[in-house]
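Asker: Add chain P with the ligand to chain C, keeping to what the hints say.
Chain order of the listed sequences is C and P. Last residue of the first sequence: number 422 in numbering that gives the first Met the number 0, and the count goes up by one each step with no gaps. Last residue of the second sequence: number 274 in numbering that gives the first Met the number 0, and the count goes up by one each step with no gaps.
The reader is advised that the hints may include incorrect statements.
[Unchecked claim] In silico lysine-lysine, DSSO-like type, Cα no more than 30 angstroms apart, as pairs: (1) P:Lys122 to P:Lys59; (2) C:Lys371 to P:Lys215; (3) C:Lys371 to P:Lys229; (4) P:Lys122 to C:Lys249; (5) P:Lys99 to C:Lys70; (6) C:Lys249 to P:Lys143; (7) P:Lys122 to P:Lys99; (8) C:Lys182 to C:Lys249; (9) P:Lys206 to P:Lys79; (10) P:Lys122 to C:Lys371; (11) C:Lys347 to P:Lys99; (12) P:Lys89 to P:Lys99; (13) P:Lys79 to C:Lys347; (14) P:Lys143 to C:Lys271; (15) P:Lys215 to C:Lys271; (16) C:Lys209 to C:Lys184; (17) C:Lys70 to C:Lys182; (18) P:Lys143 to C:Lys347; (19) C:Lys347 to P:Lys206; (20) C:Lys271 to C:Lys209; (21) P:Lys215 to C:Lys5; (22) C:Lys271 to C:Lys184; (23) C:Lys5 to P:Lys206; (24) C:Lys249 to C:Lys70; (25) P:Lys122 to C:Lys347; (26) P:Lys206 to C:Lys182; (27) C:Lys249 to C:Lys347; (28) P:Lys22 to P:Lys99; (29) P:Lys215 to C:Lys347.
Keep in mind the hints are simulated off the structure, nothing from the lab. Source: prediction; values computed, not measured.
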Amino acid sequence: MDLLEKLTILSDAAKYDAACTSSGVRRGYQPGMIGNTSSSLMGCCHSFSADGRCITLLKVLMTNCCVYDCKYCVNRRSNDTRRAAFSPRELAELTIGFYRRNYIEGLFLSSGVLRNPDYTTEQMIRSLEILRHDYCFNGYIHAKAIPGTSPELVTRLGLLADRLSVNVELPSEAGLQTLAPDKSKAAILRPMGQIRDEVVQSKAELVKYKHAPSFAPAGQSTQLIVGATGDSDRHILHLTESLYQKYRLKRVFYSAYVPVVENSLLPALDTKPPLLREHRLYQADWLLRFYGFRAEELLTAEQPDFNPLIDPKCNWAIGHLEQFPVEIMSADYETLLRVPGIGPIGAKRIISARRVSHLRFEDLSRLGVVLKRAQFFITCGGRMRSGLRYSASTLVRQLESIQRGELPPDGTAVQLSLFDSAG
Amino acid sequence: MIYQYDGSYEGFLCCVYESYINKEFPIAFCGDEECFSLYPVRCVITISDHARRVQRGLEKMSIPGAQILRRVFLTCMEDKEQRMYAFARKLFSQGGTFLKNQSDEVYHPLAAAIRHMNGEVEKLKGFVRFSDYGGVLGAEIEPKNRVLPLLRGYFCNRCANEAFFIYDRTHRDLLLYANGRSRIMRVDQLQLDLPGEEEVHYRELWKRFYETIAIKERLNPRCQDIRMPKRYRGTMTEFLPTDHERHRNAIPPAAGAAFPGSAAPGGIPAPAKPR
Ligand code: SF4
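With the rest of the complex left out, here is chain C:
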C-alpha cells in the first residue's frame, strides 16, 4: 500500500479525536535540532478544515487495526473497514516533511490496539524515537497512552512526548460497561494517575538538575464523547471539574458523537451530532478554567442541562439577578469577570482605563465589552444605560433573541477562540 493511501486511512480513522492543540510548552530552537514549540497560549493553528476545526498537528493513528470492540468506534474489531499501519520510520519521515513546510506544529499519535496495549505502545515509542533522535525533531508531540499499557512503557512514552492523553470517552461507568466492554474506569484512570505523578516529579527534578529529562512537559488531556450516552451536562461538567482537580488535566475536550455505527445501544445513524451542546460545554469549561466558576454554580439538580439558546454565563447571571447590576467604575476584577459580555481582557482594560478616565457606555465597546449582553447587568457612574427596557420576566427572552443572531443559521456553533466568546 502506498503512503498516500495509508495516510488517507489512518487520518480518516483519527479525525474523531477533538484534541488538536500544540499549547502548554515553550521550547525555543536548539542547535542541531529541527524546530521549536509555539509560545502562544492557544498553540499555532496551521489551517482550518471544512468543519471549521483547527489543524495544528498531523493527527493520525499508528494503525487502525484493533483487537477491541468499542461499540461507538469506527476501528472496532467487528467493523468491516480497510486496515493499514505506518512503519515507524515512514511516519517519522512524513512528520518531518510536513513540519519543515510549516504545514503542522508537530504530531498527534494515537493508535488502535494491535495485538495488545504494550506491543502497540512499543511501535509508537519506536516511531517517536526515530523522530526525536534520528531526525532531531524538537517540535510538538502529543501521544495517546493506551489503557492497559505497562507503567514502564508509559514512562518511556512520556519522555518522548510533550503531552499525553488518556481518553475517558464515555462519561460514566455504566456507559463504559455497555459500549466499551474491553475497558474499565480503573484501567483508564490508572495511567492518568501515573502521568500526573510523573509530571510533578519531573518538574521537581528539572528544578534541581537543569538537564533532567522532562516527562510530558505540556501535561495531559482527555476527551469526553457527548451524546452517545444519556449523561446530563451537569454530570459531564462535574466529571470535568474533578478531572481538572484530581488529575491536574490541562484540557478536557468534548466531542459531539457522530453516529458511525448501527447499534441498538447507540443513537440512530441519522442523528445529527449535538454540536450546540458541545459548544455550551466548551463555554462552561472556559468558565471553570478562566472565570473562577465552579460546576455546582452553573448547573443544578433542578436544571441539569444547559439552555441551548443562552450561553452558560448568561444562564447563570439570570439565576443570580440579586448580584447585579455591577458598577463598572468600582467593581473588582472577579466581579467584573462574572458579568455576561465581559471577559478577562475586557475586565483588565476597564480597570486600567477607569483610573485615568470616567468611562461611559460608548467607551465600553471600544474596550472589548459586548455591550448587547453586558448592558442588562451593569451601571456606569451609577446609571443604567439610557433607553434600556427589561424586567426579570422578559430578560430571558431578550437575551435569547440577542443570541439567536449569534448562532450560525444551521445551529452549528463557532468554536471558541480564547477569551472572546465565553465572555
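Answerer: For chain P with the ligand alone, coordinates are given in the frame of chain C:
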C-alpha cells in the same frame, strides 16, 4: 499644508520635527510619488539627526508610547500618518497617561490597527507554506499589514537550521535567512522555480490529509471562513494545484497574484482574488 516624505519611519519622524519647527499642522501626508494636490506641499527631507531627536523626545514622554508609534507604522490603518501625528502630539503635550485608557479617542484607532496586525501575524505563523526548492525553503504571503519584520524572529527560530525566504507580494519585501543571519530587502518581482518530484509528492500528501481530516457531518464553512478568511488561501498549499508555479509563471506579473486556474478541494470555493 500637505507633508511629502519618503515613506520611511524616520521620514515620518522628520515630519513631526518640521511641524514643530514651523509651528504648523499638516492636514495630510503623502509619499514621494503620489502627491497631486491643490494645497501647498512641504517636502520633508529625511535627516537622521532630526529623526533621532524626535524619537528621543517621544521616549522621554513615554517608552510604550514610542513603541506603539513605531509598530503602528507597519499597519495598513486608514489615514495612518494623520492618526500617528495626532498621537505623537498628544504624547508630547500630555505624556503617556492616556495610554492606560484604550477607549481614548486618539489612542483607540492605533490600538485597533495594531490588534488587527497582530491577528494577521498570528495567523500567518501558521498559514505560511514553504516549498522545498532544491534544499532552500521558500514561501509567499499576501498580508494587508507589513508583517515581515514581525514574522522574522519567529521563523528564524523555527527554521534556524534551514535556509529560507518569505516573499511579501503586497509590499514586495523579501525576507532572507541562511546560516543564522537574516535580512529584509525590496524585490519587485520574484520568479519561482518549478517544484521537484518530492515537493509535489508532499503537496499531494498534505492536500489529501487536509481533505480527509474534516468530519463531513460537521461541515461548517462559516466557521472556517471566520477563522481562516479567504484572502489567506491564495498562498496556501491545500488550496493550490500541486504545480501552481507553472500557472503563475505563465501569467504576466500584474495579474500574477491571482490563480485563475486553481482547483479547490471538494466543496471549498477557489481562493478569492487578493485585495
Ligand atoms: S480501543 Fe480505541 S481504537 Fe480500539 S475499538 Fe476501542 S476506541 Fe476504537
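Asker: Failing hints, ascending?
Answerer: Of the numbered hints given earlier, those the structure breaks are 1, 2, 5, 6, 9, 14, 16, 19, 20, 26 and 29, listed in rising order.
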